[in-house]
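Trainee: One letter stands for each residue in the lines below.
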Amino acid sequence: MDLSLSDEQKQLQEQAERFVRDKYAFDARRKIAATDRGWLPENWAQFAELGWLGMSFSEDDGGYGGGPIETMIVMEQFGKGLVLEPFLPTVVLGGGMIARSGSKSQKEALLAPMIEGKKQFALAWLERQSRYNLADVSLKATKEGAGWSLSGHKGVVYNAASADHIIVLARTAGSAREPKGLTLFIVDGKAKGLTRRDYPTQDSLRASELTFDKVSVGADAVLGKVDEGFGIVEDGVDRAIVALCAEATGCMDAINAATLEYIKTRKQFGVAIGKFQVLQHRMVDCFTNAQEARSMTLMASLKIDDKDPVVRAKAASGAKVQIGKSGKFCGQSAVQMHGGMGVTDELSVSHYFKRLTMIDLMFGNQQHHLTRYSNLAMAA
Amino acid sequence: MDLAFTPEEQKFADDVRAFVKANLPADVRDKVKNGKHLDRDDYMRWQQALGKKGWLVYTWPKKHGGPGFAPAQRYIFENICAEEYAPGIIPFGTKMVGPVIYTFGSEEQKAAYLPAIRGSTVWWCQGYSEPGSGSDLASLRTKAEKDGDHYIVNGSKTWNTMGHWADWIFCLVRTDSKSKPQEGISFLLIDMKTPGITVKPIIMADGGHEVNEVFFDNVKVPVANLVGKENEGWTCAKFLLANERLGIAAVPQSKRGVEALKGIARTEQDNGRPLIENQSFAEKIADLEIQVTALEYTELRVLSQMAHGGQPGPEVSGLKIRGSEIQQRLTELTMEAVGEYSAPYLPGLLWQGTNEEPVGPEYAHLAAPRYFNTRKTTIYGGSNEIQKGIISKMVLGL
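Going line by line, the protein sequences match chains A and B. The first sequence begins at 1 in my numbering and counts up one residue at a time. The second sequence begins at 1 in my numbering and counts up one residue at a time.
Same shape as in the complex, but just chain A (with noise of 0.2 Å):
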């Protein structure tokens, strides 16, 4: 057992280091937000040249060899700089989905591009009435001459404005909430019928509203079987919220040290508050529970290319629970021991604490996922 990095995973963290430190730093990050897409194409090809949107895909695929490790490395940099590029929704939820279940053709048309930084993704998922359960879809997928016609609602689509092809769960078959029976198509974004709503999000990302009106595609858009698509997706996100909980503790790592040297500078009654007992405690509490994080997303970092699918479910449900847990005790915390300034925008710690508080409840909160880990573990 060996649970360092190698030389050539170090080279990776380091790279990803200093992209965050010459280009995220808080003024120029608030300025990317605030670009019409939120995020900045010659960052995005600046990734594509430094290898890291083929660094976890296999050499057959085109990539270059890597896999949850290396996504860990990069994403928990992405998290110190709070970094806007959609890699999540590009590269790990749609590039990894086509790679593990795309046709040939597919992967040629969309995933070599995907790696040369020349297209983009997002998963439409989530429906109003949804929650945290992946098979409550309700968006219908109807047979029409050799393709389908897709006519439905989709939310909270992440860097859906700025993705070529929307890969979208629509109900082929079944009732409602059953996991037989629904069908994974990736759609153009600019596609006849598709109509979106746009809006940043409370930690500057881009989402949409999509309404699907009888949005047709051709036979060859479904994305692995017709009817078999819940085992996909499931498995796509439970990967998603792998690399999730990484940028989560990169997040931790930030507002943690932000504090620290807070409270050491920061004087009342001719001391550093730093010197408060209640404060000491505090900040060793959010010093623990930053390194339970890492330590639960190295364990999922690990486990997560399992044969077996319990032991992938199990290992990205701990770790969400953990990020749920760390994530706001480190956030609140921060908040509190900056006092006022901490609920500014003027700082960076606000910043970190909305991320934080958006990751718990992206693809299931921190209770979502320990009932579904009590679930798969009690079952044994």
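Simulated from the structure, these hints should not be mistaken for laboratory data. It is possible that some hints are incorrect.
Unchecked claim - Residues on chain B that point at chain A, a partial pick, calculated with CB under 10 Å:
1. GLU83
2. GLU84
3. SER129
4. GLY132
5. SER135
6. ASP136
7. TRP159
8. ASP206
9. GLY207
10. GLU336
11. GLY339
12. GLU357
13. ILE379
14. ASN384
We treat Cβ as the ideally placed atom computed from N, Cα and C, and that holds for glycine.
Guided by the hints, dock chain B onto chain A, whose structure is given.
Mentor: Same frame as chain A, now just chain B:
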């Protein structure tokens, strides 16, 4: 002991409800009910209606023009106003500077300032905290130097709530920098229109503007605006902070919040059933409701003590601690109920009152901003760490 209202108290409750129903402008009520941002004029219309009735300064004794409510009436009044979606009364005039003026001020000051506070024709704001003086308020440095019959004020104040709407500000200023920090502070009333005052917004984490920095550059203030004696302002400051802590528990608002949360949990879906039927989530709401009840009965005990002539002691700090934690938990659970639909950020709808369509249900876009913003409650009015310090020292003798 009797929990039930007396016939007189019941009659009073009916009167209050009838008054609120008849006098709270419908548009203001809707804004409060839907969690919309209120403008200066929204607060003013309601407060002036209360002022005409004599109820705006409902905590004041009769001799200063208040209604002289008994503690039970105060409780009834606050609860019914919250139940009927009345906006919270802005405390700076009514609960802060007003009582300071009638307790420490001269007869001229009482005549000059109290009627406008009772009628809500003047908007007051607070100049306490400074960039370098938060929890350690007595270290404040904004200076007032005497020059004939004026003070010349220089310095800055921060976390000034709604100062951009204010006509007057009450300030703690340093008039003597040689003695102990608490002994060189004075309490000064300043007209916001005086030349040399600049108000600069502070944008909060939720994107809203409610607090400011206020800068004083050679601001001339008549010596007549000093309340109490020079260098004895700390007495006023402490008196005011004790009053501030009493109302800060916000029990009626939290009770209303729990009901609103139940409503959201009945609407939101979870595996095809209302979320409220999810046992884990229902128990979280129940736990919160029990916390609110414990806080309410603690507050009732304090009120009952006061009805029998006692004064609230340092134990009221406990109300602030638990009250603020409960307010935060409420926003946390509301956001949990809304789930991923908390993500859309709609500043137009949130702040500018534009006709921007909500994404998802109307309550969804408010959940996360409320959660972010409410982190302030354990920080302002003396952080909870400071409050616990007071209790451990003053109550427990540690």
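Trainee: Give a verdict on every hint.
Mentor: Against the structure, the hints come out as follows:
For GLU83(B), the shortest C-beta to C-beta distance to chain A is roughly 29 Å, which exceeds 10 Å, and the interface hint is violated. The beta carbon of GLU84(B) is not positioned within 10 Å of any beta carbon in chain A (closest approach about 29 Å), and the interface hint is therefore violated. A distance limit of 10 Å between C-beta atoms decides the matter here; for SER129(B) the minimum to chain A is near 7 Å, and the interface restraint holds. Annotation: interface hint on GLY132(B) holds; nearest CB of chain A at approximately 8 Å, less than 10 Å.
Taking 10 Å as the C-beta cut-off, the interface hint given for SER135(B) holds, the closest approach to chain A being about 5 Å. A hinted interface residue such as ASP136(B) counts as satisfied when its beta carbon comes closer than 10 Å to some beta carbon of chain A; here the least separation is about 4 Å, so the hint holds. Because the closest C-beta pair between TRP159(B) and chain A is about 5 Å apart, less than 10 Å, the hint holds. Hint on ASP206(B) holds. Least Cβ distance to chain A is approximately 8 Å, under the 10 Å limit.
This hint holds: GLY207(B) has a C-beta 7 Å from the nearest C-beta of chain A, less than the 10 Å allowed. Annotation: interface hint on GLU336(B) holds; nearest CB of chain A at approximately 6 Å, less than 10 Å. The interface hint given for GLY339(B) holds, since its Cβ lies 5 Å from the closest Cβ of chain A, which is under the 10 Å cut-off. At its closest, the beta carbon of GLU357(B) sits 8 Å from a beta carbon of chain A; the interface hint therefore holds under the 10 Å criterion.
For ILE379(B), the interface hint holds, since its Cβ comes within 10 Å of a Cβ in chain A; the closest pair sits about 5 Å apart. Given hint, ASN384(B) at the interface with chain A, holds; its Cβ is 8 Å from that chain's nearest Cβ, closer than 10 Å.
Comparing the model with each numbered hint stated earlier shows that hints 1, 2 do not hold.
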